[in-house]
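Participant: Sequence lines, in order, name chains C and D.
Position one of the first sequence corresponds to residue 1 (this note's numbering), numbered consecutively onward.
Position one of the second sequence corresponds to residue 1 (this note's numbering), numbered consecutively onward.
Think of the hints as simulated: they come from the structure by calculation, not from any bench.
Beta carbons: idealized from backbone N, C-alpha and C, even for Gly.
Just to be clear, a hint being listed does not mean it is correct.
[To be verified] Label pairs and their computed distance ranges (CB to CB): (1) C:T38 to D:Q111: 31 to 37 angstroms; (2) C:G16 to D:N27: 39 to 45 angstroms; (3) C:N52 to D:N27: 26 to 32 angstroms; (4) C:F74 to D:P114: 42 to 48 angstroms; (5) C:G3 to D:D79: 25 to 31 angstroms; (6) D:I18 to C:H10: 46 to 52 angstroms; (7) D:D31 to C:G28: 19 to 25 angstroms; (8) D:E26 to C:V53: 25 to 31 angstroms; (9) C:G16 to D:K71: 15 to 21 angstroms; (10) C:I5 to D:S10: 29 to 35 angstroms.
[Said to hold, decoys possible] Below, computed lysine-lysine pairings styled on PhoX-like, alpha-carbon distance capped at 25 angstroms: (11) D:K15 to D:K57; (12) D:K58 to D:K94; (13) D:K57 to D:K94; (14) C:K24 to D:K42; (15) D:K5 to D:K68; (16) C:K78 to D:K42; (17) D:K5 to D:K71; (18) D:K58 to D:K71; (19) C:K68 to D:K42.
[To be verified] Here are some chain C residues the structure puts well away from chain D; computed CB gaps all over 10 angstroms: (20) S31; (21) E62; (22) P81; (23) R85.
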Amino acid sequence: DAGVIQSPRHEVTEMGQEVTLRCKPISGHNSLFWYRQTMMRGLELLIYFNNNVPIDDSGMPEDRFSAKMPNASFSTLKIQPSEPRDSAVYFCASSLTSGGTYEQYFGPGTRLTVT
Amino acid sequence: QQQVKQSPQSLIVQKGGISIINCAYENTAFDYFPWYQQFPGKGPALLIAIRPDVSEKKEGRFTISFNKSAKQFSLHIMDSQPGDSATYFCAASKGSSNTGKLIFGQGTTLQVKP
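Just chain D, with the same shape it has in the complex (with noise of 0.2 angstroms):
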């Protein structure tokens, strides 16, 4: 019930393309939905959170969308371009246990082709 599962584990665009990365959860505790990005050599750094009271949430080129009855929630990334070309991770915390634990999905290597 802790896990939080990403698809697809890797993803190759052309430039300007969407890209869509994928996750599902099981804990209908969980009350914060984040998206970090993480560039090689680097630590991971939040990209765009969601709270599961909004079904989207857009920031720029960066929107997630947010199923509760499905428990899934997703990033897109519209216009790709090269400098997205990073791994992104989704994670879910749940509000109660306030220590900020996150749970974290195995992660998306995306590659943006010129």
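Isolated chain C, as found in the complex (with noise of 0.2 angstroms):
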């Protein structure tokens, strides 16, 4: 399996302008999570996906965030408009929850610079 893949892998974009991150969780995976990275706030967790359904999005920053899952090999995380301050690195992970394991596979993460 070639694991969580994320897409793009850098991102250098100007205040204002929208930003849409991509991922592909692990085939059969029944879980999928976003997290934002930065030196001040460390690793948050912004919205959590089981079965393609949303189940907490309270981690979202605010109303300029916003994150789907049409189906289970595949969701977006998009900023609009986007400022200075959404720049961090965001990971998306995936994991199954079945038989209480919980282990979460993280991608390599996107690299996001609001210039």
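Please assemble the complex out of the two chains, which come individually in their own frames, going by the hints.
Facilitator: Following this line, the structure appears as structure tokens:
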């Protein structure tokens, strides 16, 4: 298996532009998580899906952020409009929640820079 | 009650020494306690995990010690090596949620000096 796939790996954009981050979870996994990592705030959970349904989006910073999971093999995190304070590394992770196993497999991350 | 508190924030250890990172939690419903390791430029990866029915789990040079009554758990890295230099995150989860959500600590940056 190729693991969790994220694209793009790096994104540089100007303030006010729309940014879309993409994630392909590991085939067969039923939970998907979006995280943001910064030096100041560490690893923050933004939103997570179970069986393609959003379960908890309380970590989404504000209405500029939205996430979708149209099917079991694809998810997007969109920021519109983007701001410099959104600059961070965004990780997607997936897991198979059965039999009490909760290991999350992280993707390589997308480094977002908003100028 | 959902927080996991991790300390220290950073740690410098000499090669061959023991690295110890501590975590504390409040929610007694947590039943799964993993440690994740993250190298620069990479995503976190599972290192070792423990459930509250045992007090210790060892995998090679890595050991988790778990104290259920104190609601604390720690990671011990024996014979620390420069290749262990990374950021370590503790986490906790409760099985009743059945969604796999992990509550992560703030992370500890470990530097092992040669």
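Participant: For each hint given before, does the structure comply? Return the numbers of the non-compliant ones in rising order.
Facilitator: Numbers 1, 6, 9, 20 - these are the hints that the structure violates, sorted from lowest upward.
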